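Now for the letters of each chain:
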Amino acid sequence: MSTVETFEHSLEGLAVETTRLAPESFEEVLEEIVTEPAVGARPGVEGVSLEDTAVALDPTPHQLEEAVTGVTGAVLGIADYGSVVLRSTSDGTEPVSLFCDDHVVVLDADDVVADMPTAIGWMAANVGDARESAIIATGPSATADMGALVRGAHGPKRVHVLIVES
Amino acid sequence: MSADREEKAAHIRRLLDTEGDSVQENTRVFNQGRYTAVEDLEEYEELKTRARAIKEDAIERLPELIDQLTETVEENGGNVYLASDAADANRYIEEVAGDAGTLVKSKSMTSEEIDVNEHLERAGVDVYETDLGEFVIQLAEESPSHIVGPAIHKSREEIADLFNHEFEPEEPLETAEELTMFAREYLGERVKEADVGMTGANFVVAESGTLALVTSEGNARKCAVAPDTHVAVAGVEKIVPAFEELQPFIELIGRSGTGQDITSYLSLFTPPVSTPAIDFESEAPITENDAEREFHLVLLDNGRMAMREDPELKETLYCIRCGACANVCANFQHVGGHAFGGETYSGGIATGWEAGVHSQESAGEFNDLCTGCTRCVNQCPVKIDIPWINEVVRDRINHGEEPSEFEFLVEGLTPDAEPSGLDVQKRFFGNFGTVARLGSATAPVSNWLAELPPTRWAMERTLGIDRRRELPTFANETLRDWFVAREGLPAAEADREVVLYPDTYTDYVSPERGKAAVRTLEALGVSVIVPDVPESGRAPLSQGMLSTASVQAHEVYAELAEHLDAGRDVVAIEPSDLAMFLGEYEKFLPERSFERLSENSYEVLEYVYGLVSNDPEKADVLSDGPGRVAYHSHCQQRTLGLEGYTTTLLEELDYDVLTSTVECCGMAGSFGYKEQYYELAMDVGYELQDEFEERGERDRTVLASGTSCTDQLDALLDRKPRHPIESIAPGPE
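Respectively, the protein sequence lines represent chains A and B. Reminder that position 32 of the first sequence reads as 32 in the working numbering, one-by-one numbering, no gaps. Reminder that position 708 of the second sequence reads as 1708 in the working numbering, one-by-one numbering, no gaps.
Some clues are possibly wrong.
Claimed, not checked - Among the chain A residues that face chain B by a calculated CB cut under 7 Å, a handful are:
no. : residue
1   : M1
2   : P61
3   : G92
4   : T118
5   : R131
6   : G139
7   : G147
Stated by the list, open to error - Here are the computed lysine to aspartate or glutamate pairs in the EDC-like style, where the Cα-Cα straight-line distance is at most 20 Å:
no. : chain 1 : residue 1 : chain 2 : residue 2
8   : B       : K1192     : B       : E1283
9   : B       : K1720     : B       : E1691
10  : B       : K1192     : A       : D115
11  : B       : K1383     : B       : E1288
12  : B       : K1192     : B       : E1288
13  : A       : K157      : B       : E1189
14  : A       : K157      : B       : E1185
15  : B       : K1587     : B       : E1559
16  : A       : K157      : B       : E1178
17  : A       : K157      : B       : E1288
18  : B       : K1314     : B       : E1586
19  : B       : K1192     : A       : E65
20  : B       : K1192     : B       : D1310
21  : B       : K1192     : A       : D101
22  : B       : K1515     : B       : E1555
23  : B       : K1192     : B       : E1292
24  : B       : K1192     : A       : E12
25  : B       : K1314     : B       : E1244
Everything labelled a hint here was simulated from the structure, so no lab data went into it. If you're wondering where the values come from, they're calculated on a predicted model, not measured in any experiment. Glycine is no exception: its CB is placed at the ideal position from the N, C-alpha and C atoms.
Here chain B stands alone, though its shape is the one from the complex (with noise of 0.2 Å):
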């Protein structure tokens, strides 16, 4: 196990020393492109929910349409072959392919997916990517690491070196013009000797027969256009029934993937097509070449409709591939498709794909590097819920697990619904409530040896706890201790009365975050009641463990319905336990349950904004400005639209707001203490730092919302950070 761990670590540390740079760079400017297109966008979010609507649609009919479909390109002209895997795929191409010399090829995953290049090359034909950044990929010999950047691991200098090396030019290659030039002849030059042209297929209309091939090079049309034989490969769920249905996917994918309104070129063929086909050799016009044209349609099962079948990885059907989930993802920002991927896909929708494509194992290679921070789910322009597919898979991944020497240490800290095979610092971290009691009820002692360095030597060997990574320390006296010892505002005397949740973090490490709020809400009128509420199942959601997260969600259910009952808000101090009765808990209860919590849950700065909107002269009793603060806001929270709040309260109490314009802290949670992710925490960590530590804004607090958040921020900083609730709350006395 622990050697896993190392062999992990040292795979990222290389990746992050070697591409790290280039994706981070490549991934962001496509990332920050797609803020600014969609902000142009007036109906951005009506088009998503189309979008999506059309694409469940399509998948709910996907027998019926794959019969339209074949139908349609029959009378069109050309032949649907419906392959059932990468292997029947093949085998038909190849025939299709005959005794072509030359293929060339535009950009398509699904022809990754079945690693046809491969196959056609030991079949005698010469296969060329004209895609350019496929192209350095298959001169490198190496995989994409990006599903619509292939080569943005690659500096301009090593593409450089690259063709310098492999094509020994007269005058070496050196700028990216030259670089285009060069491969633009070359490829030229391949398109017109080939026989055969091979593309994927964004969208296939079932009604018409129509391909849409979204690209900016213009490769694909030559592809298509210029050989008489054409050959697309498409995944079976790239059906869309008509031709109108296209209209959202055109206004989405190109914004949603590299950030432009739309690429130069969106073709919508419908072959065969009637445009002629070029013989080189002839001196004949164009428009008098009458070579009959050949038309394949290979329709791709390889687990598709297993999938569809499937009513957790459905879902990923609806994909269109556009690569938001990982241009927005802190992890893939730093480390690309090379750590995070499979065989074939990479980033956040990859979870799924790899599962149902190829297999479990293939997505558990990287299952792990996505936090479940769910800052893809708002960008995704069907709004598929990403991080749900990856816990999901990750649960199955667990069960496959087979038990572990080190089993017995965490025996006693499991009480939970797990197989026997769960890996043991899944199962330590996913019962981070019984730790933190335990840790708790024995502090200070438990502190004390925590720290003791055979400790935490021991806790990196056998849980895998990175040393380096300074542990949580646990009170003495818990929150909900020090609530029962003191007196409240009486219902009574209140106008209205709420659940504050004891979050675990809040209960056993910060309960000074928890007395500030109780102080602020009775301050502003408010009577509270902290009850002795079960974990919400957080922690063992984020390690994929779906029995005991559903556990715990009707425990906390159970415990909170009455108070529901009683008309009582229930107000959340960690952003990440309020995403879980807002998100995944409609996953766990029944509808109505879910529906009441939901309803009645808040983020406690929401809720303070809320009481003092209603009536601005509470605000006097908080504790205001001037003063300068940094501010970061939690993942979950800002996905929730809940960031708005902090800021705003704060900004009409006077204090001068510096919000992170940096995405991310890099820790969520028990990411930033695993072993062999914790340099990768740190390096997406270093990007807050530096922000915070900027000259002239040293001088300010800094506040976070999420306790991950907070402990990261105080392992980069001089300064320690505390959630906003207390520096607005009232004092003591």
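The shape of chain A in the complex, shown without the other chains (with noise of 0.2 Å):
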């Protein structure tokens, strides 16, 4: 099994949706998953852009609030785990990705590595080198306290991966 292929395996145990796709066709997937209204954060993988889509750039408090999709990039992903690494920066990806009903995760299929030694070996150099802040984020937010296992305690209820290979 590739890197990737390992990748969505270990989404599809964590009941996250994962779509492949090639740069060209980013728009058209996005606007078929994306429920409306959407805020997002810019990806920044390389071929793709949320400034012509149906997505909101830069939203305010209120947008964020009302939103029911948010769209951010990751920065990795790992495949075992099927965790992907979200920025912590100051364009938002982080409320962003937390905040919504919905997270849409777009990231690059060059950066899904294989386990958590190689992710954290990266992130030592990107983030704790660099002093910066990011998320593993691995499903989508769960909680057990109230008696059974229910998604969506504080943060997104549903998580779609999107990988886009150029």
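Take the two lone chains and join them into the complex the hints point to.
Encoded structure:
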């Protein structure tokens, strides 16, 4: 199994949908899976942009609260775990990925790494040494505190990962 | 004394009735999840070893790391406050909170430790717990019953009642989904109005100032980034030197705690974070919010630096608070943290924490619920010897006891090295070897006398031996008496020689299993010696009587040394005594002595398995199946990885073996005899009973390796259990 296939397999186990796509079909695919109103932070993935989509960039707090879907990029995918690494920088990825019911993650297929040691090695240099912040997010937010597993405790209830192959 | 015991028994009974079922259901899910999650992890042992090494190094260099971290965080633009105790920490946090109206908090045991909520509330700040479990506890005005799942003692129905009563929603809340969504919305509003967010920290990286927060709900992320002021409270022991060193912990913590491969969110914040704070009143884009971020890291000492200097409590600081020791513990599974916990912490490692950060008294309240079974040892991701910490604290508590009024009753029975104030019940059980020697010497009179109602009444009143528990019957002829009076296989005709260790129970109570062992070994061409070796020290150790245990360890080694020099192996029947030789003796004996003994000591079926594997034809002399047996291994035997020898050997001898999936019999030596714990011991035991009494399994012969397990099974089942060696031993003639 390729690293990306392993990643997809792991995500399937987490009840996370995945779509592999070419940059050209990004807008079309996005339109299908995004429930409006939607807000976003620039994904930072080569060849794709949210500029000409229904996704509102640089949302106000009010837009953030009203939005059903939040679209952000991820800097890394971790195949073994089905995790994505989200930046917590000034571009608003953190709130957009956290406050909406649906989180759509855009990730470059080349940024999927095999395992946690590789991911942490990369993060040590790009997050730790850079004194930056990031989240390793795995599946939707969840809790079992109310007597059964419920998705969407404080964060998103559903996650969809778009793997962009250029 | 007796009133104390009755009160404790009543408390445990109450919890068994009210919280037991919920705690059991939830901890089981965590525990089973952990088994599955670590099974998939190829490098599990390696990760544990690395995690342990990182913690050892970090605690060793702690003062230096605190300085480094302080410098780093300040360089990043944050503040560090090293708080000496709870009051100091609270004073600082109150200052930071200033005139904040609302503070939102994510779950943090360290903040529970300092009771910061109460402090802030008194200062006029509205504090909201945003972790849903903590929120339930806060509404119910209770304390957490588990360090990872604070509300696991509450059922969904109870939570629904609580919410409906508290919030009076138009439509009563019922399902977990409805309750969660209600709490999400309610707490979402609190996050919006909050001026300050407070979190704990699972790890703090000295090199970069990064905080690692492990959560599934996402509330810690909201608390840390939505308001512009973030206060993180962390014990000084949470520091790891470098970012890369987070890796083993990230892979272990979720698996060890709730049995998830990884939790939904692992936040690695290096505050003050650059993500924009959200001003929910503003109409400008979030990214344009340039509010100055404020970050305060409160590093809490509160006894930790002293623990670091304490050779026995030091290991507690390696703890990553995953709760695995609680989840795997049979007693915890039945009563939860409201019995098995102190002021803040609960479960196995809680004794170390409570003794270190609160007081010995606080640790003493629940310390005896650890039976020393060792099931938690292999489950701990940083390999802490939790039972040993419990024994040490028990010993320290013993030394603090005042002399009791019944002291004179057991004085003649106590040739030990303990302080005069030691609890009379502990003193009695700690000297069980002496009791057994006297009982056996005067049997059958002693047995008859012991069972008379007035005796049982007196034993319960003075020693706290529960009247409902059947007492062991002392044999007229001990194993050693039998052994010296017979003619064995002479060493000259044998392939090898062994020393069969005559543990107290085998010698005085169950000599038949010793005889079966001797017959088996001789039939396999092994010459056996059963020397006059003192008891191993297990009995006093279990009561926290460490000096006595140490004296006995030295005596045992002195007696066995010459046999070891002569190249004889030591074979033990009782797993808990073998566990002493292979484990605790390391703490008592010089290194070389410990190595010599531990390297040459074996469990009896392990030894027989080895002999038969070397020469399969030898198996012909053993009594084989087919027979249907139900086998319950002993907890310490399993920790040592020895269960497989017994099951494999039985299967190779054509027995049809059913092994118990419930892991505990509930007895654990003296534990089940004690008046205050009898009902809990039985409650745990009923599960094993259910398993072995199931339809279609009642015809199986019940086998158990430990004497306590045998006693408990005897009380639970109609069939009389035996040791596996009695099944496979060749007949007497």
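Right, here's what the structure says about each hint:
no.	hint	in the structure
1	M1	violated, 16 Å
2	P61	holds, 5 Å
3	G92	holds, 5 Å
4	T118	violated, 10 Å
5	R131	holds, 5 Å
6	G139	holds, 6 Å
7	G147	holds, 3 Å
8	B:K1192 with B:E1283	holds, 14 Å
9	B:K1720 with B:E1691	holds, 16 Å
10	B:K1192 with A:D115	violated, 36 Å
11	B:K1383 with B:E1288	violated, 48 Å
12	B:K1192 with B:E1288	holds, 18 Å
13	A:K157 with B:E1189	holds, 18 Å
14	A:K157 with B:E1185	holds, 13 Å
15	B:K1587 with B:E1559	holds, 18 Å
16	A:K157 with B:E1178	holds, 14 Å
17	A:K157 with B:E1288	violated, 27 Å
18	B:K1314 with B:E1586	holds, 17 Å
19	B:K1192 with A:E65	holds, 10 Å
20	B:K1192 with B:D1310	violated, 45 Å
21	B:K1192 with A:D101	holds, 17 Å
22	B:K1515 with B:E1555	violated, 24 Å
23	B:K1192 with B:E1292	holds, 17 Å
24	B:K1192 with A:E12	violated, 33 Å
25	B:K1314 with B:E1244	violated, 24 Å
The structure does not agree with the numbered hints 1, 4, 10, 11, 17, 20, 22, 24, 25 stated previously, though it agrees with the rest.
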